[in-house]
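Number of protein chains: 2
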Amino acid sequence: MLALNSTNPQIATPEKLAQRLGVQFAQPQLLEMALRHRSAGHVNNERLEFLGDSILNMVIAERLYHLHASAPEGELSRWRASLVREESLAVIARELSLGSYLVLGSGELKSGGFRRDSILADALEATIGAVYLDQGFAVAKTMLERLFEPMLTHLPDAASLKDPKTRLQEFLQSAKRELPTYEVSDTRGQAHKQVFEVTCHLADSAQTALGRGSSRRKAEQAAAERMYALLTHPKNE
Amino acid sequence: MLALNSTNPQIATPEKLAQRLGVQFAQPQLLEMALRHRSAGHVNNERLEFLGDSILNMVIAERLYHLHASAPEGELSRWRASLVREESLAVIARELSLGSYLVLGSGELKSGGFRRDSILADALEATIGAVYLDQGFAVAKTMLERLFEPMLTHLPDAASLKDPKTRLQEFLQSAKRELPTYEVSDTRGQAHKQVFEVTCHLADSAQTALGRGSSRRKAEQAAAERMYALLTHPKNE
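Protein chains in written order, with our numbering: chain A, 1 to 237; chain B, 1001 to 1237.
Chain A with its partners taken away, still in its complex shape (with noise of 0.2 angstroms):
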């Protein structure tokens, strides 16, 4: 296994991100064990990342919880998936630079590891196991506060996170419309491969959608997605 900047390890030492992180640790070893891709060998940062996830979803679950007091739980739950997914840890990772301090395997360095999303993630979660395991609770919990700070009030939309059905449903249910219907118009392809194609139907207007998608329900999302933006965006299809 190889360390990145290995010819200047002054760089991009764990003490560096433990700084930038604003956390003293008493155990380090945990620290370099989260930064440890499993292309690094046997001892990495898979089970850190499992814990760290959790300690995560926690976190952000009470401060969505208390920052939107009267919100449904439903909004609370997207608004989490879209701060907690991949695209939105990897960001807060480049923040960090993450990737200079990442441990990969020489395949997975090679082919630029320390800059992908995925990687870049788990070595975020691990980290924050290693916070949690060394400092406890409260400390990881106000590392994760300050790291969500901008994320969390900058909170999208919470309809534009919800699946395109469901946007669809809502939308003609408060325009007291009747709900649209899906039906089959197609499939191709073998039985292992089929493309389904699904028009939605509205049941007061003529409009008609189309979607298509490996499954029936991909189909009809994408038809909802269709029809939605027909309703609300006529001009520009």
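Bear in mind the hints are in silico, worked out from the structure with no lab data behind them.
From a predicted model like this one, the values you see are computed outputs, not experimental measurements.
Check the hints yourself; a few may be wrong.
[Stated by the list, open to error] From chain B, some residues computed to sit far from chain A (all C-beta separations above 12 angstroms):
| no. | residue |
| --- | --- |
| 1 | Ala1159 |
| 2 | Pro1164 |
| 3 | Thr1166 |
| 4 | Thr1208 |
[Stated by the list, open to error] Facing chain B, a subset of chain A residues (Cβ under 10 angstroms, in silico):
| no. | residue |
| --- | --- |
| 5 | Glu49 |
| 6 | Phe50 |
| 7 | Asp53 |
| 8 | Asn57 |
| 9 | Ile60 |
| 10 | Leu64 |
| 11 | Leu76 |
| 12 | Ala138 |
| 13 | Lys141 |
| 14 | Met143 |
| 15 | Phe171 |
| 16 | Thr187 |
| 17 | Gln190 |
| 18 | Arg212 |
| 19 | Arg216 |
Just so it is clear, CB atoms sit at the ideal spot from N, CA and C, and this is done for glycine as well.
Put chain B on the given structure of chain A with help from the hints.
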């Protein structure tokens, strides 16, 4: 909304439940809210359930992390899923007689909602959320560790929690045999309610196993389960 046992409120008051949990609430209204199913009205336990679920997942994650210091992440993850699933939570809820403390709408009350796994599991999670908000992390953690101790010390065999395809694949790999293949051997029914039939083949044997399901994936899992049974318990089949 109706309280259960409303003719004899002394039997099942939230205070009694708090006693059973070993928690003295500073804000008893939190526990009261945790016991209000959404059928009871606008003020209900759904937000607390969201929070409690995340605390439960975290505490169980940490417990498993420490109890099984060499178990890979995949095993920890499957064990946790088995501990926090609805059926397991309902077992613990019943030990606490949680059903008798619930506040349900009249419809749910008549249909026996206080006995339903999903309602019991949700109320238990909400109760965890209430304990955490009122008493903090350490108290919630200690309570959860106590409630889950019997299940944590009698974990199911990790392999038995794997999905059938994975289990079959690992069984064959450990016997240095080639991987199975899956073939859609039949599809029946209309596009929107197809039944898939999949045959599982082994490279080094004429033995085959059939599985059916509402999707290709489900039919493959069923075929793998059948094949695994054929290989491991040939007599019983």
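Could you work out which of the previously given hints the structure breaks and list their numbers from low to high? Per hint list: 14, 15 and 18 violated.
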